[in-house]
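If you read the sequence shown in full-length UniProt numbering, its first letter stands for residue 1, the second for the next number, and so on.
Each hint should be verified, as a subset may be incorrect.
Once the Cα atoms are required to be at most 20 Å apart in a straight line, the calculated SDA-like pairs of lysine to any residue come out as [unchecked claim]:
no.: 1; residue 1: K59; residue 2: K39
no.: 2; residue 1: K80; residue 2: D54
no.: 3; residue 1: K39; residue 2: A70
no.: 4; residue 1: K136; residue 2: G73
Worth flagging that the hints you see were computed from the coordinates, not collected in a lab. As the structure is a computational prediction, the values presented were derived from the model and not from experiment.
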Amino acid sequence: MFVEHTSAQLTIGPEFAGLLNTGHGLSQEMAVSDQAKEKLCPAVSQYGPANVRDLEPGKKMKWCTCGLRAHKGTGFKSLKWIVPEKPQSVYSICMCKHTKNPPFCDATHTNLPAAVEQTQTSCPGRSDHHMRACPKLCTKCGWVPDF
Numbered sequence: 001m002f003v004e005h006t007s008a009q010l011t012i013g014p015e016f017a018g019l020l021n022t023g024h025g026l027s028q029e030m031a032v033s034d035q036a037k038e039k040l041c042p043a044v045s046q047y048g049p050a051n052v053r054d055l056e057p058g059k060k061m062k063w064c065t066c067g068l069r070a071h072k073g074t075g076f077k078s079l080k081w082i083v084p085e086k087p088q089s090v091y092s093i094c095m096c097k098h099t100k101n102p103p104f105c106d107a108t109h110t111n112l113p114a115a116v117e118q119t120q121t122s123c124p125g126r127s128d129h130h131m132r133a134c135p136k137l138c139t140k141c142g143w144v145p146d147f
């Protein structure tokens, strides 16, 4: 087991990869309960990727799309994927949850802090975030009470 952490990235061993709920080889059952109805905004768990090493080719994985690792009651669903048959030494998995290429990091996090702040500041439900149906995440702006 190995866990390395810097302010920019997190590197973990394969035995903890499932905790990230990572994803690729995508069966795009992406994030939301009904995407056509409403776009859900995930929580940003980290502004940078998790670099995952030593994944077994062909292994089925899941990537958390909500940013909380526990999406029950949020309307989000995990993204299922299979580790590619052609192995890589490192997979950079998106932790900000705003990538255009899920589950992989596309550096969206570099310009994301200002956009997240603007979205949360202008959220129509901002005054009653703590009273929402889902008290752990505002799915309109990504606000989380415990972050």
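Indices of hints not satisfied (ascending): Violated: hint 1 alone.
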